[in-house]
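Asker: Chain by chain, the residues:
Protein chains: 2
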Amino acid sequence: MTNLSIVGKPVLRPDAFEKVVGGKGFPVNIRLPGMLHGKLLRSPYPHAKVLKIDTSRAEKLPGVKAVLTHENVPQIPYNPINHIPPDSVTIFRDMLVLSDRVRFAGQPVAAVAATTAAIAEQALTLIDVEYEELPAVFDPEEAMKDGAPEIHEGVRNNIRDTPFYVQGDIEQGFEEADYIFENTYETPRVHTCYMEPRVCVADTDANGRLTVHASVQHLFGLRERLAWVLGIPVGRIKIVQPPYIGGGFGSKIELAYLEPLSALLSLKTKKPVRVEHTRYEDFICNARHPMKIHLKTGVKKDGTFVARYASTLVDTSAYSSHGPSVILVHAYFGLIRGYRSPNIKWEGTVVHTNNMPGGAYRGYGAPQACFAVESQIDEICDKLGLDRIEFRLKNSWRKGDPHPEYPQWKLNSYALDECLKQGAERFGWANRAKPGSGSGSGTKRRGVGMAAHPLWVSGCLGGPDIMELSGAIVKFNIDGTANLSTATMDIGSGQTTTLCQIAAEELGLPFDAVQMAHGSTDNLPFDSPTHASRVTYSSGNAVKAAAAAAKKRLLEVAAIVMEANAEDLEVKDGKVLVKGVPARAVPVADIVRRAESPWMVISDKGPVPTPFEEKGTIIGTSSMPPQANASPAVAEFVEVEVDTETGQVQVLRVVYAHDLGRVVNPVGAQGQVEGGLAQGIGYALCEEMQFDPDTGACLTSDFLDYKIPTAVEMPRSIESIFIESNEITGPFGAKSLSEACLIVPAPAIANAIYDAVGVRINNLPITPQKILAALGTL
Amino acid sequence: MTNLSIVGKPVLRPDAFEKVVGGKGFPVNIRLPGMLHGKLLRSPYPHAKVLKIDTSRAEKLPGVKAVLTHENVPQIPYNPINHIPPDSVTIFRDMLVLSDRVRFAGQPVAAVAATTAAIAEQALTLIDVEYEELPAVFDPEEAMKDGAPEIHEGVRNNIRDTPFYVQGDIEQGFEEADYIFENTYETPRVHTCYMEPRVCVADTDANGRLTVHASVQHLFGLRERLAWVLGIPVGRIKIVQPPYIGGGFGSKIELAYLEPLSALLSLKTKKPVRVEHTRYEDFICNARHPMKIHLKTGVKKDGTFVARYASTLVDTSAYSSHGPSVILVHAYFGLIRGYRSPNIKWEGTVVHTNNMPGGAYRGYGAPQACFAVESQIDEICDKLGLDRIEFRLKNSWRKGDPHPEYPQWKLNSYALDECLKQGAERFGWANRAKPGSGSGSGTKRRGVGMAAHPLWVSGCLGGPDIMELSGAIVKFNIDGTANLSTATMDIGSGQTTTLCQIAAEELGLPFDAVQMAHGSTDNLPFDSPTHASRVTYSSGNAVKAAAAAAKKRLLEVAAIVMEANAEDLEVKDGKVLVKGVPARAVPVADIVRRAESPWMVISDKGPVPTPFEEKGTIIGTSSMPPQANASPAVAEFVEVEVDTETGQVQVLRVVYAHDLGRVVNPVGAQGQVEGGLAQGIGYALCEEMQFDPDTGACLTSDFLDYKIPTAVEMPRSIESIFIESNEITGPFGAKSLSEACLIVPAPAIANAIYDAVGVRINNLPITPQKILAALGTL
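Chains A and S, in that order, give the protein sequences.
Each residue of the first sequence is one higher than the last, beginning at 406 in this note's numbering.
Each residue of the second sequence is one higher than the last, beginning at 406 in this note's numbering.
Among these hints, one or two may not hold up.
To be verified - FRET-style restraints, in silico, Cβ to Cβ: (1) S:1008 / A:591: 34 to 42 angstroms; (2) A:915 / S:636: 19 to 27 angstroms; (3) A:915 / S:551: 26 to 34 angstroms; (4) S:461 / A:638: 54 to 62 angstroms; (5) A:414 / S:498: 35 to 43 angstroms; (6) S:636 / A:1013: 43 to 51 angstroms; (7) A:831 / S:612: 32 to 40 angstroms.
It should be emphasised that the hints constitute simulated quantities derived from the structure, not laboratory data.
For every residue, glycine included, the Cβ atom is placed at its ideal position computed from N, Cα and C.
Work out the full structure: start from the sequences and follow the hints.
Answerer: Okay, structure coming up:
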């Protein structure tokens, strides 16, 4: 890998300008001729029956073209998450696109399409809904109690699912333990805070086929789920790939109400119909699930784990949605698999409440788990007087181990040990003061903390039973450039820049000679969502394979043109070279032009048909599953300053060490780290959605009321160490990065706060109020 | 081929409704957010220098965003026809996108983009152009005389090109002849009369990359020529494939001024810019070249051709454009190659005038040639007392002969003989009265006539030195349907319906399980223009190959799933079958879902990664040149009634016999015949563009002043005999049809008029005035 000329070099994103200005190419900027505007009427009640819904006044309003209610839309139960599983997989389908039963405040009960958004808005006020209010419950523990309101018929005590896992003998494990630690951790409901609102423009052709533009993270998932909800085959739907998506962070994986409703309004009117979420609608669309985690760990004196029991209560909210699957990823890839332990037991409880729906958010259950596990390790180390680095090294997996979840696969590359060692060295961890003693003067107390995330689904899998696919098409142009098509979405993290680098490296072209070609579900190979940190690894492999196929064909033609053996040829910097004979270089453009030229060869006797063998567009395709679950690893070290007078916490310095296999774009990788850190700091210190305790109405539905970190809250110093462990199944050795960056900050910061002021707060976010309360100064 | 289940069956075009109503999907209906409207200022003079052009008043008009003149656009000479040739091919590049020299009335001298079309229109009136008028010449014979105005510097006597062809010894040939026939034929300038105006919407992204929507017949040609004219690499331009084009007939192959000007206006403003032609602008955009053909033929008494001399004068008009190539196709595939002759000489003259540009129009020089050749054969037969069928059979090529133009290839299928015989029998040709005597009573005289077109480039080649390419991508969906992508444009003739049939037949799916997936030059394999009757044969072969590749992969996966050998499997009516074991049928959808499912196999022990071999989107691609020049053949028989009082001609009955290899869609084929006939009747009887003799201004620039046949002028009876000669290199035996339908009517009708009233009119169109003049009654 020493010969890489593009992978590993910092490149600027070609889409940078459009991304920054929110220019052309974002779905929110799509307008179609004759387009109607749709608006959704939402229930003010968190739990109610719709007894009667009268749309006649709304329908009479001039400009109104269609009104939908539960009475005239398909009543097909569905689950909005990314994949429709095969029959062998259980999935809870408890949503309807419009229903006569409302289970959270803000659930749509009707939809209107009108010639202008203002008319549609006005029409909503003319829809008369007669509700029967039902008692609501917002606390999951209350919801499980006998006598709590029944949210879904037949779901006893509102408990939707109770997954569990057992390995070894947990009782015996605890008996063997020298120490047992038992803690409860709580995490809040937080919003992903993407910039581009959810929007959908659906259009219908004369044959009733749908074309859909939407701000989503998964083209094929949207197609599949829309087809399910509308009750039509997938072939009747085309999802157009937009060049840009203004952020997603997981929220835009699932189907929201607006996509099927746009489609239904369009099917009814035969016009394009656009529905755009207000920021309020975005906030109540979905959020990271709040969890309550009970973690009981048995360790030997030397720090070896011998028994780990955990239970997780997840508020899956009004509908099942991601709840039953997020809890599995949370458990397997967050709570119980990260470190070795011979005896494990885990019990999950997925509970319905009348809260707004939970959804996917980067980390998918891991941030909650990591906060618990890594906070508790801090306590264990203190108690046992063990070094935090040594402790983790003792219990962690090693390169070459069978993958703990998929023993068919190995941990081909795995360098948590290096992350811990190099991170600690760079941070100066060895020089820290006695844990918990802090430093600084007066009311400004400083402390350091660390956390690791040892194992992740990242790189290839969206869940324990999912084996995702990626595909790509690479096509040469006659100017010697190449186009890369893949249904992988760039949701803001620079995925397509990375993929263009991988393609350029494989093709032997300069970076700027490869550009994205956008398509649709009609003509792109299937791709799994842009989620689970999987793009660099999975899509990267598919892109590399498609590029290799295109290059193979290029060299076949070049062999004819250059009268050489294809095996003796290589492509470098846009030229085809005979290996070892630098003088015989032919520009790639010349070969492609020869192959794609529709002209005959002009001989002395006039035009002669060109040999069949050398003609044709040079194109390569791929579509493939991952070949391993190549897990990244991360260790993070932070220094914070806590103001004991105000309770305010400022993160001063951060050192990250990531095993990401191979850095593809150093600039992009650092961007990932910094973006993830911001989300992690928000999760640790300030983000939490608030609701009216009576009505369940969301009180934090804009960026004034919902506080996310800004430049002011970010640390001055963010250092990254990228450890290139060279994953042999990855593209040029790469694995992934992404979510690892935001999973670790919360426990690292919590541990640093403890280090600074000696109080442990196991309940996120660690607000000034909580700190002051813990310090007894409130 | 007896097993075909879809090819050969009549199917209704899935796009019928949208086509008829001009609905969504036509480029003319595209609107983009923030779009500006462009208008072109056109010269009122046919020949002038632009001395000064002052745009300052226009630029100051509120709403005007850009004004272009020759002073601020690239001055790159170009030829607008379909392909940029390799350096070994001569092409005359004598156009500029905006120039300081005007050579025809209506040539653009400036372009404006403004916020509304009305403002752009108004801005045109505020551009002050100072012209120096130059003497103009409109008659090509006048233009060749010494002292005629010099239209292009250095082009002596305005003669741009003088191609010629010699075979055998023409002098000796004429010496051996028993009879020599010598005639001159003249054909008019006619417009293609597509319905959708030319339109272009060009947009520019933040990196200056262009995205272009246009009503054209060739995506890749537009990309290539735009790149040339703008002086940028092709990779900087994306041409979007529209679902529909509202007619083209050849006109929309070439680059018109509006496409580069839209692009330049967009590059300047960074906004989408839309330019739509008025009907007047469409009329003066291009037209079929008028020709004057001198044809001298030596025959033996028995009717054998021994010598054929021909000369053709083509008015290539103000610019070279198609002139130098249309004359070659005209000569090789119309005049001199259609029938066998040992001695041939042909001389062409391509002359500039100050007329509006000539362009491509179905038949590309062949209608002019066929009118001459087939009219003269009528005279020869009369003189020699030979039967017209026997005469043609004697001189025609036969199946198995080497292709007269490409001896590397054979006429694998060639059934002109059957066309002549079966057509004559159906028409009752043997029962006709004595030639020239007519029938009927009083002033309504009836006559019959016939013509053939023995050889055509159709099926694969756009010109003698062009070897075109087609490509396709076929992708299965999880509902068992398949998407077909190809850059082939359906310009109204039902091409994509035919291609979907071919794909469905090869895939083993029902017809309605295959649908078009539209893309762009970014992600589609190269395709040559939709022209030269080439789609069924060339694109059809590419589609069949891509479908075969996809089916191969489908059966590989099916073999794993069904535990069978792929070779033992076949696909029929949407199911995979084990040959000979009807019970073992698995729906295609199940196989595709298995391949594309992102879920692991759920085993007793939990989820297990699915075997790599069976995963991935099922997709097949192709890109290939033709393997032969599979020429269709046609004979047409007509009966007309001539009103000797008014000179009016009504076509009463038509019988066509076509060797088209294989009928793919009988309904579509009949539609082709009827559409072609209408164009042929117009060419024969009424169509001719008229110009002001002083200013060169077009006087026939709408459908009131320019007369095309309507239902009233069409015959009551149009019969088609499709002879299925089974072309072995064609998809399921198919060749092509298209242009053959409109090449033959003019001579057949002229011959029938002669038969009815005894006068030969060798100058199209045969208007009532000309008939009355010939009858001496005017």
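Asker: None of the hints should be skipped; say for each whether it holds.
Answerer: Taking the hints in turn, this is what the structure says about them:
| no. | hint | in the structure |
| --- | --- | --- |
| 1 | S:1008 / A:591: 34 to 42 angstroms | holds, 36 angstroms |
| 2 | A:915 / S:636: 19 to 27 angstroms | holds, 20 angstroms |
| 3 | A:915 / S:551: 26 to 34 angstroms | violated, 56 angstroms |
| 4 | S:461 / A:638: 54 to 62 angstroms | holds, 60 angstroms |
| 5 | A:414 / S:498: 35 to 43 angstroms | holds, 41 angstroms |
| 6 | S:636 / A:1013: 43 to 51 angstroms | violated, 32 angstroms |
| 7 | A:831 / S:612: 32 to 40 angstroms | holds, 37 angstroms |
Comparing the model with each numbered hint stated earlier shows that hints 3, 6 do not hold.
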